[in-house]
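Protein chains: 2
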Amino acid sequence: MRLLLVAGTTETAAIEGISAAGADPEAMVHTPSADAEIVAYGEPIRAPVVPVSPTGCPTPAVVTRAVKELLNLDVTVVDGGLAEPTGAPTVTVGARPGGDVREDDPVPTAQGVVAAARQFGQAIPDDEVYLAETIPGGTTTALGLLRALGEEATVSSSLPENPLELKEDVVAEGLETSGVEPGGAAGNPGVALRRMGDPVLATVTGLIRGLTETGTAVTLAGGTQLLAAAAAARHYGVEGPISLATTSFVADDDAIDFRDAAATLDVEPTVTDPGFEAVEHPATNAYVAGEAKEGVGMGGALALADQTQVPMADVRDRILSVYDRLLDAGEAEPTP
Amino acid sequence: MRLLLVAGTTETAAIEGISAAGADPEAMVHTPSADAEIVAYGEPIRAPVVPVSPTGCPTPAVVTRAVKELLNLDVTVVDGGLAEPTGAPTVTVGARPGGDVREDDPVPTAQGVVAAARQFGQAIPDDEVYLAETIPGGTTTALGLLRALGEEATVSSSLPENPLELKEDVVAEGLETSGVEPGGAAGNPGVALRRMGDPVLATVTGLIRGLTETGTAVTLAGGTQLLAAAAAARHYGVEGPISLATTSFVADDDAIDFRDAAATLDVEPTVTDPGFEAVEHPATNAYVAGEAKEGVGMGGALALADQTQVPMADVRDRILSVYDRLLDAGEAEPTP
Numbered sequence: 007m008r009l010l011l012v013a014g015t016t017e018t019a020a021i022e023g024i025s026a027a028g029a030d031p032e033a034m035v036h037t038p039s040a041d042a043e044i045v046a047y048g049e050p051i052r053a054p055v056v057p058v059s060p061t062g063c064p065t066p067a068v069v070t071r072a073v074k075e076l077l078n079l080d081v082t083v084v085d086g087g088l089a090e091p092t093g094a095p096t097v098t099v100g101a102r103p104g105g106d107v108r109e110d111d112p113v114p115t116a117q118g119v120v121a122a123a124r125q126f127g128q129a130i131p132d133d134e135v136y137l138a139e140t141i142p143g144g145t146t147t148a149l150g151l152l153r154a155l156g157e158e159a160t161v162s163s164s165l166p167e168n169p170l171e172l173k174e175d176v177v178a179e180g181l182e183t184s185g186v187e188p189g190g191a192a193g194n195p196g197v198a199l200r201r202m203g204d205p206v207l208a209t210v211t212g213l214i215r216g217l218t219e220t221g222t223a224v225t226l227a228g229g230t231q232l233l234a235a236a237a238a239a240r241h242y243g244v245e246g247p248i249s250l251a252t253t254s255f256v257a258d259d260d261a262i263d264f265r266d267a268a269a270t271l272d273v274e275p276t277v278t279d280p281g282f283e284a285v286e287h288p289a290t291n292a293y294v295a296g297e298a299k300e301g302v303g304m305g306g307a308l309a310l311a312d313q314t315q316v317p318m319a320d321v322r323d324r325i326l327s328v329y330d331r332l333l334d335a336g337e338a339e340p341t342p
Numbered sequence: 007m008r009l010l011l012v013a014g015t016t017e018t019a020a021i022e023g024i025s026a027a028g029a030d031p032e033a034m035v036h037t038p039s040a041d042a043e044i045v046a047y048g049e050p051i052r053a054p055v056v057p058v059s060p061t062g063c064p065t066p067a068v069v070t071r072a073v074k075e076l077l078n079l080d081v082t083v084v085d086g087g088l089a090e091p092t093g094a095p096t097v098t099v100g101a102r103p104g105g106d107v108r109e110d111d112p113v114p115t116a117q118g119v120v121a122a123a124r125q126f127g128q129a130i131p132d133d134e135v136y137l138a139e140t141i142p143g144g145t146t147t148a149l150g151l152l153r154a155l156g157e158e159a160t161v162s163s164s165l166p167e168n169p170l171e172l173k174e175d176v177v178a179e180g181l182e183t184s185g186v187e188p189g190g191a192a193g194n195p196g197v198a199l200r201r202m203g204d205p206v207l208a209t210v211t212g213l214i215r216g217l218t219e220t221g222t223a224v225t226l227a228g229g230t231q232l233l234a235a236a237a238a239a240r241h242y243g244v245e246g247p248i249s250l251a252t253t254s255f256v257a258d259d260d261a262i263d264f265r266d267a268a269a270t271l272d273v274e275p276t277v278t279d280p281g282f283e284a285v286e287h288p289a290t291n292a293y294v295a296g297e298a299k300e301g302v303g304m305g306g307a308l309a310l311a312d313q314t315q316v317p318m319a320d321v322r323d324r325i326l327s328v329y330d331r332l333l334d335a336g337e338a339e340p341t342p
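These protein sequences, in sequence, are chains R and H.
Going by my numbering, the first residue of the first sequence is number 7, and it counts up by one from there.
Going by my numbering, the first residue of the second sequence is number 7, and it counts up by one from there.
Here chain R stands alone, though its shape is the one from the complex:
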C-alpha cells in the first residue's frame, strides 16, 4: 500500500473568498509545499509557513502525518505544479503551476501531464494505492472540470460557508473565456482539464488511468476534488472500480450531495468519522465547526487507521501531538 500525495497550485486560489487553505494569498501559495513537508517530516522544513486557515484551523496534513506515524504509511509526493520549493522529496510528471481558471488556458500542459502521470501510475508496483491532493483553490477548478464535462455534481469547501455561488460565477467566467459550453468537453477530458482544471486534477486523472490499467486497486483519499478527477477518468474511458475514502465532514456537508455524486460516477465511497467531538481543542474544534473538512489524504488516512483497527482515540491523540510539534516548529523560527 502506498499513498500518493499530489501537491500543486492554481492561481484560482488568489480569488478573494475562494479558499481557506492558508492564512492569506501569499501564505497559500506555500501551503502545498508545507503540507508535503509536514507529511514527510512532521513539520515544514523549507516552506516558510505553518498552514493554518485565517481562523487558525490547522491543515489536514496533520491528520495524515499522524496516521503515517501510527501505521508506517509509505507516502510518495508527486509534484502536481508546485509554485514554491519543497523540502519533501517529489516525483516529477512535468506539471507546472496552474493559471487562474478564469483565463482561457490555465493548464496548457494538461495532456502531457496526464500522459506522464499515467505512465508513472502504470509503473508503480504496489497492489493498492491511495491518491490524495493538496491544492488551495482546488474545489473551484474541480467545479470547472465537472461543468466542462457536463457532470451535475457540485463541490465542497474548506470554508464553513461554502461560497458556491462565487465558485459558479468564477467557473461561468472561465467557460466563457475558454469558449467551452457547459458540457462542451464531455468525452474530451484532456480539453476540460486544460481549459477548466488545474495541474493536480490532471496529475490525479493520469494516475487513475495508469494505475487501473495495470490492475492496481485505486482509492481516492479525499473529497469532491478527487470525485472530479474520477469524472475525468471516466470520460477517458476508465471502467474499472474506483473507491473513495473521505471524512464525515464532507459526507455530511449539506451544501453538496456527496453520495449521489459518487454513485453517478460509479465510485464506491467509504466515510470515516474521526470523532473530533470527543476532544476539546482548537485544532479539532475547527473541523467540528465545518472548516477544512478534507485534503492531503485525510479521509483516506482515517480509513486506513480504521481498517487496521487503530483506535480512533489513538489517532486523535497523535493528531494533537503532531499539531503541538508543528506549532513549536513554527515558533522556533520567524515565519511570515
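Some hints here could point you the wrong way.
As the list claims (entries may be wrong) - Where chain H lies over chain R, by a calculated footprint (3+ residues, C-beta under 8 angstroms):
(1) 42 to 53
(2) 82 to 95
(3) 139 to 149
Said to hold, decoys possible - Which residues of chain R face chain H? A partial, calculated answer using Cβ under 10 angstroms:
(4) R8
(5) T98
(6) Q125
(7) F126
(8) Q315
(9) A335
If you are wondering where the hints come from, they were derived from the structure by calculation, not from laboratory data.
In this text, a Cβ means the ideal position worked out from N, Cα and C, and glycines have one as well.
Start from chain R and add chain H according to the hints.
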C-alpha cells in the same frame, strides 16, 4: 531516524575500467536513478535498467531495500546530479550531473550545492540521520577530492581488483588540468569539490555541515567515498562527531587501510558483516568474491539491522527475495 540517499552522476564513470556499477557505460548512467527506485519501490520503475555489474553482481540497493522493508526505514532521496529521470521522489539542492574529473571544472556549481544541502541538512528535524550515496565512478572522484585536500587516504572499488593505478593516473591528470597541486586545496574544500570532486560529494559534504550544525547525529552509510566527504567537511571546519557504518567487504579490503583513514579523519567506524558466506547464491557470491562491496547505504542498512536485533539470516533471506522480485520485474519488460 532517516536515511538520506544522495544519487548522482559523474562522467568519470565512463572511463574504461573505472567502475562496475552497471553492465556498461550506457547502462551505468541510469544506475543511480534505478538504485533510488529500487530503494523506494523495490524495483526500477522508470529507469530502463536493472543495475548489475558486468559479471551479474546486483546493486547494493537490494540490501538497503531489504532492510528498509524489515525495519520500515524512512528513506529520502536527494538529487545529487542525476543525469536520467527517476521515478523515485527526490529533494532538489541544485546539483547537476558532474563532468569528467580530468576536465578543469567538472562541478562548477559545487559551492552552491554545498550551501543548499547545508541549509536542507539544518532543516531536517530528525535526531539521527544516515547519509548514503550512489554514483558510478564515485571512488575515483573521491580520490581526486582526497588528493586535492592533501589527505593520504585511498579509496575502495566496486571491482574485485581495485584499479588504483588507473585512478591515480586519472586524478593526476585532473589535478594538472585544474591547476591544483596535490594538497593545493587543503582548507579550501569548495575548490577541491568543484575541481576534483563530483556533485554527490558536494551534496553529502553540505549535508554533513548542516546536520552537525543543528546537533543531528550523523552516520555516513558507506565506504571510502563518504570518508572523502567527511574529509571535505573537516576541511570546512566541522569538528563534531561523525560516525561511519560500512560493510566488512570495505573494512577487510587489503588494497586500502580503511580503519587508519577513518581514524585520521576522526570518524568513528562501525563494520557489519552480512554473513554472505552462509548462502550459496549468485547474488551473494559476487560480494564474497569482492565485487560491489558497498554503496546505496548498504553498510548503514546492515548496521541498523544489527542494532535493532534483526537476525542477519532474516536480512539475507529478504535480500534474496528482493533480488528475485528485481529479476522478475526486469524480465517483465524489455530492458536494454
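Worksheet item: So which hints don't hold here, by number, going up?
Response: Those not satisfied are hints 3, 8.
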